[in-house]
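Participant: Given the coordinates of chain A, work out where chain B should sit on it, guided by the hints.
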Amino acid sequence: MKLHEYQAKGVFADAGIPTPDSKLASDVDGVVDAAEEIGYPVAVKAQVQVGGRGKAGGIKLVEDADEARDAADSILGMDLKGYHVDRVLVEEAVDFVNELYVGITMDRGEGKPVAMVSTKGGVNIEEVAEEDPDAIAREHIDPSFGMHPYQARKAVYDAGVDQSVARDVSSVLTTLYQLWDDKDGADAEINPLMVTADDEVIAADAVMNIDEDALFRQPELAEMEEEAAGGDELEQKADEYGFDYVRLDGNVGIIGNGAGLVMTTLDLVDYYGGEPANFLDVGGGAKAARIANALDMVFSDDNVDSVVFNIFGGITRGDEVARGINEALEQFDEIPKPVVVRLAGTNWEEGMEILNEDLVTVEQTLEDAVQRAVEYAGEVNDQ
Amino acid sequence: MSVLVDDDTRVVVQGITGGEGKFHAEQMMEYGTDVVAGAVPGKGGQEVSGVPVYDTVHEAVDEENADTSVIFVPPAFAGDAVFESLDSGLDLAVAITEGIPTQDMARVNKRLSETDTRLIGPNCPGLITPGEAKLGILPGNIFAEGNVGLVSRSGTLTYQVVDSLTNRGIGQTTAIGIGGDPIIGTDFVDALELFEDDPDTDAIVMCGEIGGEDEEEAAAFIDDYVDTPVAGFIAGRTAPPGKRMGHAGAIVSGSGTGTAESKISALNDAGVPVGDTPEEVADHIEEFLA
Chain A
1 MKLHEYQAKG VFADAGIPTP DSKLASDVDG VVDAAEEIGY PVAVKAQVQV
51 GGRGKAGGIK LVEDADEARD AADSILGMDL KGYHVDRVLV EEAVDFVNEL
101 YVGITMDRGE GKPVAMVSTK GGVNIEEVAE EDPDAIAREH IDPSFGMHPY
151 QARKAVYDAG VDQSVARDVS SVLTTLYQLW DDKDGADAEI NPLMVTADDE
201 VIAADAVMNI DEDALFRQPE LAEMEEEAAG GDELEQKADE YGFDYVRLDG
251 NVGIIGNGAG LVMTTLDLVD YYGGEPANFL DVGGGAKAAR IANALDMVFS
301 DDNVDSVVFN IFGGITRGDE VARGINEALE QFDEIPKPVV VRLAGTNWEE
351 GMEILNEDLV TVEQTLEDAV QRAVEYAGEV NDQ
Chain B
1 MSVLVDDDTR VVVQGITGGE GKFHAEQMME YGTDVVAGAV PGKGGQEVSG
51 VPVYDTVHEA VDEENADTSV IFVPPAFAGD AVFESLDSGL DLAVAITEGI
101 PTQDMARVNK RLSETDTRLI GPNCPGLITP GEAKLGILPG NIFAEGNVGL
151 VSRSGTLTYQ VVDSLTNRGI GQTTAIGIGG DPIIGTDFVD ALELFEDDPD
201 TDAIVMCGEI GGEDEEEAAA FIDDYVDTPV AGFIAGRTAP PGKRMGHAGA
251 IVSGSGTGTA ESKISALNDA GVPVGDTPEE VADHIEEFLA
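For the protein sequence lines, the chains are A and B, in the order given.
Residue numbers for the first sequence follow UniProt numbering, so the first one is 1 and each next one is one higher.
Residue numbers for the second sequence follow UniProt numbering, so the first one is 1 and each next one is one higher.
Bound-form chain B, shown alone:
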């Protein structure tokens, strides 16, 4: 089994006529994802790589029964595109776009709490259930079917850790990149809950980074609720306070919270071993599964 995405998922790609939208829609289809529609205002009636394009997400839902959107819309319009997804009653919206203004995301965040749609991202690589479907930009070939759930704030770090797992013959149920922005939809706690409740997920990898307090909250949640063994990794141990390290979220305030140390010790206290290197994370998972 898997969480959030499987071979029944019906995808509408918002921004499918753009360079990235088109390229990754094709990549997703090649992987086996059921891309049923595109949505681009003003481009209704066209076709991209055999996929019908509609002017609105609502039409894609009405005509093609789309239940999930993947958003490749430029940052200035991406907040609005997410609103459109939420308003269309989709089950899941995945926002790949990097650089959406934070205030736009604060408004999206408010609206999210009033709808039943789940949001992944923004500024994320998407998610994949190996062998079934991928939503987003992850390189499909490094993933393998298996029983480990993975949730990460960083795209390329996800690839690195998955590579270590797959090379040892350890596959994944679903891997979710939740994104590195200060305001995101699905967070660690949400993803951990999904994996805990998934009977086929026997171990979980959680990749965090400096900034914010999401990892500390996740640690408390693991302590209370999660019986599935979890191994962690925290990027940014060597980051100096006060500097922004690429991800908007990856800044250490200097007041003791949000540092790699506080995250690692919170996770350790919840019984989660944290690897010093991605290979060590794979070591822990190997031990859990032995």
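In isolation and in its complexed conformation, chain A is listed as follows:
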């Protein structure tokens, strides 16, 4: 779960990390009022969960009320890489002399958190990591002890941060680790951490990703989740149903159980010349109603021309899956899109007896099922 910039900044500011003066606004007058209150110049920043907002026209620096009105007009309501902008953050424009990067993430290879500091802030840090890995100082943290103060200092000095601000940057890094640890962060980043002419440091952006599996013990953040959600309509629907779902560009809808098997089904669709429309994992032990919801999900994607169901039961039972498919399809006078079903594993034989074969095409193997679905999708496109 990714927090919006304004939410992450709120969390950071509460913990004592310096952030610019800012206000959230959702209409043009609100933007102008906020700007007047903060004092020009201000930045008007779209609050959507995509990178590269500046380049896409989602961030504008304004000097007076007219410019603020124009910026608000153009940003509010805009479509930014598929996301509708309905809120902006109006923020004091900081005069800086330097931009740094600080971040905490989990190094999965080491199985430990890692703190990172770089003097190459304000740019795409992934590119820095690739082109000039030595420009990022890294310090692994023992999760049972937390970050020692010397580790923060070491990372800061290793990165070559100027002595005049090293203490403050170390303090920001220590606070950031504490937050990451307390809030079950996946990633916590400040890029850029601006350094002013007076040697002050200010978090000009804020990124906070929370481990979804830990939201049960982060009630305050879980409340923010509803606000943070948004974006693709189908992905929102998948959230409501509780599916692991990713929308893709193709026209073959895919439903299966287990992430690895669903990914494999996608790969086979591609291998046999088709294009996957989505990844949808119903998870383990899905009952009939959940299977029906999955079909509803995939049918509501206009790009889908055919659907392939690939179930290999372990915990999941073939008879439950068959009941769910019948339930979902029997409500239609005419099946909207051809559905191919492949059932294997636990109770597959019972499933095959229950499945209404007037409504679906049954195939015995994964390969045959995928090829048939690709064929159907192709036929629709040829019409």
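Don't take each hint at face value.
Computed list of lysine to any residue pairs in SDA-like fashion (alpha-carbon distance at most 25 Å, straight line) [to be verified]: (1) K287(A) <-> R244(B); (2) K112(A) <-> D134(A); (3) K287(A) <-> D190(B); (4) K110(B) <-> D270(A); (5) K243(B) <-> E350(A); (6) K243(B) <-> G283(A); (7) K22(B) <-> E350(A); (8) K55(A) <-> D21(A).
Anything over 12 Å on all C-beta distances counts as not near chain A; from chain B, calculated [claimed, not checked]: (9) D7; (10) V36; (11) G89; (12) A106; (13) K110; (14) R118; (15) G155; (16) I170; (17) D224; (18) G246.
These are computed hints drawn from the structure, not numbers from a lab.
Think of the CB as a built atom: it goes at the ideal place given N, C-alpha and C, for glycine as much as any other residue.
Facilitator: Just chain B, lined up with the frame of chain A:
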């Protein structure tokens, strides 16, 4: 022979009074696994399906000589349950639970390095030595006794590949689902080493997926150490960068590492053929064994 689990394995099921714990304890026993105890705080003295329940894993070890735990504890308490297993001096702990917070697993990972217990999982289907014992939730009937070792990050993909093997009359020594989470106990390298050292394993299947660099590390290890022929499969070739595909680990960073291509080419460079489909993996194994 087999690795990690055989008919001498004595299992304590943590969470045996829960729905999943009870169901799968019964399934394991039906398969022939020696389930000697359950461990559930506050439920000591009860019995589940004829198995005595203790309040702590320590008691199960003292009273029933349990040497292996299988953990069906809800995610909020599962990290603690793994710690309890490690502290009880078990040989093996198998964590089935899905959704354990990553930071809890980072602490478990630290503790693991200080104990002699081996951890499988979390978020895994478990492991099975066909004909002897199964630990976890794998459907026993698709497996067959034989000479192929299998290690996989994904449960249902394991079933798919095993099905292809068994249908051709190719059985397995042991199949291990190591789990798809970012931080797990036993990884590919550990499992490959066990299979390499097992005289009865004549070929190995390794099923990976996008995300992380475990497959690349495994490829380097195979190149250096493994003489047993290995065939691979990598799920997620068509996954777009930056999206999480179900498994927490299955996300491609977009910086070139962790992609299906980098994994496949690392494996190919180590002499490991990678199938485009599960059937092709079985083809390779058939050739190795011919």
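Participant: Next, verify each hint and record whether it holds.
Facilitator: Verification of the supplied hints:
no., hint, result
1, K287(A) <-> R244(B), "holds (24 Å)"
2, K112(A) <-> D134(A), "holds (20 Å)"
3, K287(A) <-> D190(B), "violated (36 Å)"
4, K110(B) <-> D270(A), "violated (41 Å)"
5, K243(B) <-> E350(A), "violated (36 Å)"
6, K243(B) <-> G283(A), "holds (17 Å)"
7, K22(B) <-> E350(A), "holds (24 Å)"
8, K55(A) <-> D21(A), "holds (23 Å)"
9, D7, "holds (22 Å)"
10, V36, "holds (24 Å)"
11, G89, "holds (20 Å)"
12, A106, "violated (4 Å)"
13, K110, "violated (5 Å)"
14, R118, "holds (15 Å)"
15, G155, "violated (5 Å)"
16, I170, "holds (17 Å)"
17, D224, "holds (18 Å)"
18, G246, "violated (3 Å)"
In this structure, the hints that do not hold are numbers 3, 4, 5, 12, 13, 15 and 18, in rising order.
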